[in-house]
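J.: Each chain, written out:
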Amino acid sequence: NAGVTQTPKFQVLKTGQSMTLQCAQDMNHEYMSWYRQDPGMGLRLIHYSVGAGITDQGEVPNGYNVSRSTTEDFPLRLLSAAPSQTSVYFCASSDYDGQDTQYFGPGTRLTVL
Amino acid sequence: AQSVTQLDSQVPVFEEAPVELRCNYSSSVSVYLFWYVQYPNQGLQLLLKYLSGSTLVKGINGFEAEFNKSQTSFHLRKPSVHISDTAEYFCAVSVDNYGQNFVFGPGTRLSVLP
Numbered sequence: 100n101a102g103v104t105q106t107p108k109f110q111v112l113k114t115g116q117s118m119t120l121q122c123a124q125d126m127n128h129e130y131m132s133w134y135r136q137d138p139g140m141g142l143r144l145i146h147y148s149v150g151a152g153i154t155d156q157g158e159v160p161n162g163y164n165v166s167r168s169t170t171e172d173f174p175l176r177l178l179s180a181a182p183s184q185t186s187v188y189f190c191a192s193s194d195y196d197g198q199d200t201q202y203f204g205p206g207t208r209l210t211v212l
Numbered sequence: 526a527q528s529v530t531q532l533d534s535q536v537p538v539f540e541e542a543p544v545e546l547r548c549n550y551s552s553s554v555s556v557y558l559f560w561y562v563q564y565p566n567q568g569l570q571l572l573l574k575y576l577s578g579s580t581l582v583k584g585i586n587g588f589e590a591e592f593n594k595s596q597t598s599f600h601l602r603k604p605s606v607h608i609s610d611t612a613e614y615f616c617a618v619s620v621d622n623y624g625q626n627f628v629f630g631p632g633t634r635l636s637v638l639p
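Residue numbers (my numbering), protein chains in the order written: chain A, 100 to 212; chain B, 526 to 639.
The set of hints was computed from the structure by calculation and includes no laboratory data.
Worth double-checking, as some hints may not be accurate.
Simulated pairs of lysine to any residue, SDA-like, Cα-Cα distance not exceeding 20 Å [what the hints assert, rightly or not]:
(1) B/LYS583 <-> B/LEU573
(2) A/LYS108 <-> B/ASN566
(3) B/LYS574 <-> A/TYR195
(4) B/LYS583 <-> B/HIS600
(5) B/LYS574 <-> A/GLN198
Only part of the chain A face toward chain B is listed, based on derived beta-carbon distances under 7 Å [said to hold, decoys possible]:
(6) PHE189
(7) GLY197
(8) THR200
(9) PHE203
(10) GLY204
Non-contacting residues of chain A with respect to chain B, defined by C-beta distances greater than 10 Å in every case (computed) [as the list claims (entries may be wrong)]:
(11) ASN100
(12) THR106
(13) VAL111
(14) THR114
(15) GLY115
(16) GLN116
(17) TYR163
(18) ASN164
(19) ARG176
(20) LEU178
(21) LEU209
(22) LEU212
Backbone N, C-alpha and C define an ideal beta-carbon position, used for all residues, glycine too.
The task is simple: from the sequences and hints, build the whole structure.
T.: So this is what it looks like as structure tokens:
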């Protein structure tokens, strides 16, 4: 199993550009989520999905869109990048249960100039 | 809503010394508790978790944590650290709730010095 994969690993954008961060998992997990990690703030939830076709907002959803057309994939779209979106982004997946371990991807380091 | 506090943002410790990383949480319902570790330039991976039963939980790499319900704490300990334990450690809580299950603390950076 590859687990949770994310692409790209690094990305530099100019203000106003758009892009999609890719996330895929091969564990047949129902629950997938996107976090951003900023120094001193831990991980903050952006969006999450409890199954194909179902998504919802987390703590910091503004400026981001998601969709979940398949169980495996959960892309994150930045609509118009801003310097405040410079961060490290992690995708995670788990079985849909509060007791279950979340499995994280390796992260995408995004810089917005 | 749940919240997690990790009072120590950085903990320096010498190799082979013991260490304790503190975690406190608040919640109006029963929670599940987790510790994750993030090595430099990597994603997070699970160290250990408390779901129910014995309050002392043993995890990977010699770490253990104790759940204290009265003090709403879940402190992480290791009796003798190695250089390779240098990493960031995150405490997290979860509930059985449709949707947003996990809330992470801000993290504690453990630096093991030779």
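J.: Run the C-beta distances from A/ASN164 to all of chain B and say if the shortest one exceeds 10 Å.
T.: Per Cβ check, A/ASN164 is outside 10 Å of chain B; nearest 18 Å; holds.
J.: Could you check that no beta carbon of chain B comes within 10 Å of the beta carbon of A/VAL111?
T.: Since the minimum Cβ distance to chain B is about 17 Å, A/VAL111 lies beyond 10 Å and the statement holds.
J.: Going straight from one Cα to the other, do B/LYS574 and A/TYR195 come out at no more than 20 Å?
T.: Measuring from Cα to Cα gives roughly 16 Å; hence the hint holds.
J.: Under the criterion that the straight-line Cα-Cα distance not exceed 20 Å, is the pair A/LYS108, B/ASN566 satisfied?
T.: 10 Å, holds
J.: Return the status of the interface hint for A/GLY197: holds when the least beta-carbon distance to chain B is below 7 Å, violated otherwise.
T.: OK, holds: A/GLY197 within 7 Å of chain B, min 4 Å.
J.: Using the nearest Cβ pair, does A/PHE189 come within less than 7 Å of chain B?
T.: 6 Å, holds
J.: Mind checking the alpha carbons of B/LYS583 and B/HIS600 for me, to see if they're no more than 20 Å apart?
T.: 12 Å, holds
J.: Does A/GLN198 sit within 20 Å of B/LYS574, going by the straight-line distance between their CA atoms?
T.: 9 Å, holds
J.: For A/GLN116, which was marked as not at the interface, is the minimum beta-carbon distance to chain B over 10 Å?
T.: 25 Å, holds
J.: Determine whether the non-interface label on A/LEU209 survives the test: each CB of chain B must be over 10 Å from its CB.
T.: 14 Å, holds
J.: Does A/PHE203 meet its interface restraint, that is, does its C-beta lie within less than 7 Å of any C-beta in chain B?
T.: Hint on A/PHE203: holds, closest Cβ of chain B at ~4 Å, below 7 Å.
J.: Grab the minimum beta-carbon distance between A/ASN100 and chain B and tell me whether it stays above 10 Å.
T.: Non-interface label on A/ASN100 holds, nearest chain B Cβ at 15 Å vs cutoff 10 Å.
Going down the numbered hints, you'll see the structure goes against none, and every one checks out.
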